[in-house]
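Starting from the given sequences, assemble the full structure and let the hints guide the process.
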Amino acid sequence: MVSTIPIRCILAASLLSGVTLAQDQSIKIIELAQLKQVLDQPDDTLRVVNFWATWCMPCVKELPHFEAIRRAYLGRKVSVLLVSMDDRKDLNTKVIPFVRKRGIRSRVVLLDEPDPNSWIDQIAPEWSGALPMTLIVNAKQKRRTFIGKALKAGELGVIINAHKL
Amino acid sequence: MRRTLLFSGFALVLLMSLLSARLVSDGYKVGDVIQDFKLKNVDGKTVSLADKPAKVYIIAFTCNTCPVAKAYENRIIALNEQFAPKGYPVVAIQSNDAEQSPGDSYGAMQQRASNRKYAFPYLHDETQAVARAFGATNTPHLFVVQRQGDQYRVAYIGAIDNSQRDAAGATRKYVEEAVNELLAGKPVTTTSAKAIGCGIKWKDA
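Residue numbers (the UniProt record's numbering), protein chains in the order written: chain A, 1 to 165; chain B, 1 to 205.
It is worth saying that the hints were derived from the structure and are not from the lab. Bear in mind that the values here come from a model prediction, so they are computed numbers and not experimental data. The reader is advised that the hints may include incorrect statements.
No more than 30 Å apart at the CA atoms, straight line, and that leaves these computed lysine-lysine pairs for DSSO-like [claimed, not checked]:
| hint | chain 1 | residue 1 | chain 2 | residue 2 |
| --- | --- | --- | --- | --- |
| 1 | A | K28 | B | K203 |
| 2 | A | K28 | A | K77 |
| 3 | A | K61 | B | K203 |
| 4 | A | K94 | B | K29 |
| 5 | A | K36 | A | K140 |
| 6 | A | K36 | A | K89 |
| 7 | B | K173 | A | K94 |
| 8 | A | K89 | B | K203 |
| 9 | A | K152 | B | K203 |
| 10 | B | K70 | A | K101 |
| 11 | A | K36 | B | K29 |
Take a look at the structure:
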């Protein structure tokens, strides 16, 4: 089920440049197990994981805040992951063009799991399934903040700083 | 030092607002008795569940603008067509703040209800008090409530089915299953199910 569309392209691009190029931003389709692996990674990186969709207006509105965090914490142990809840059929027609047009450089993946009721609780039991939703996690340090609403400018930075990196 | 103080103050306020957001989402659980409400319908009249007590009400928090709610609109209409004749009607409630979502104003609600010929009430939860009381967080977000005496008790909370994109793809029709079980005098087997949806657009505190 895992799409391998342009993974090799990203790899090549990031090897050459050392960063993910906006132009070559490609989006991997992942399943729950892979997402859980990211959330449970036992390292020192604080992960800001945002659940969004191109059809969700409040999500689209807050995406620049995640981009700002990615820039502000470049070279530090903070990583941003944008998990699209769009339908996989919309990957090439909607999600990729959207991400390219907006020049989004944070890592974007598309979660392809058909039955939300079977996995929402595994990601966050307090989550109703409403978008947007953001998790700030570090499994090793047992850090976890659940944000079940859209963030305003500045709020995200305050929450990340509260984790005293 | 002053900056640190200011910063901690801001962090505290933020933490408190996050906590209160958590409290909001608590709402009713399955088995709880709900409090009746009085909300303005698109025809200008006020509606309460007590007006014409049904055995079961299918309460749908929905709206005009959310793509998921739009994808489910026909399924909400179909639920009413299927179950209203059996005395289990739909009541739709719109709770989005019109300031943040102008397409969900009372006028826009009236237009949509008339264009799509809603045969059920489409109520405006202008203060958002009803969504808060229920603990509704999404559109669409359904609550199936069953009458016991003069009270209504929650029998099901959550998604309509497990296929957002199209009704044909659903392998579970949670609301239909729950309502059919209640019609047969049986307890509801699946009393809640989650789905991805739009968050209700709350007024700025």
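Hints, verified against the model:
1. Taking the CA atoms of K28 of chain A and K203 of chain B, the gap is about 36 Å. The hint is violated against a cut of 30 Å.
2. Annotation: proposed proximity of K28 of chain A to K77 of chain A holds, straight-line Cα distance about 22 Å (limit 30 Å).
3. Proximity of K61 of chain A to K203 of chain B is assessed by CA-CA distance (about 16 Å); at most 30 Å being required, the pair is judged to hold.
4. Proposed proximity of K94 of chain A and K29 of chain B is contradicted: the alpha carbons are some 37 Å apart, above 30 Å.
5. Taken as a hint, the K36 of chain A and K140 of chain A pair is honoured in the structure, with Cα atoms around 14 Å apart against an allowance of 30 Å.
6. Between K36 of chain A and K89 of chain A the alpha-carbon distance is near 23 Å, which keeps this suggested pair within the 30 Å criterion.
7. With a C-alpha separation of about 28 Å, the suggested pairing of K173 of chain B with K94 of chain A holds against the 30 Å cut-off.
8. A distance of roughly 34 Å separates the Cα atoms of K89 of chain A and K203 of chain B; the hinted pair therefore is violated under the 30 Å criterion.
9. Of the supplied pair hints, the one linking K152 of chain A and K203 of chain B holds, its CA atoms being roughly 14 Å apart against a limit of 30 Å.
10. Of the supplied pair hints, the one linking K70 of chain B and K101 of chain A holds, its CA atoms being roughly 26 Å apart against a limit of 30 Å.
11. Restraint check for K36 of chain A and K29 of chain B: the C-alpha separation of about 28 Å stays at or below 30 Å, so the hint holds.
Hint compliance for this structure: hints 1, 4, 8 are not met, and every other hint is.
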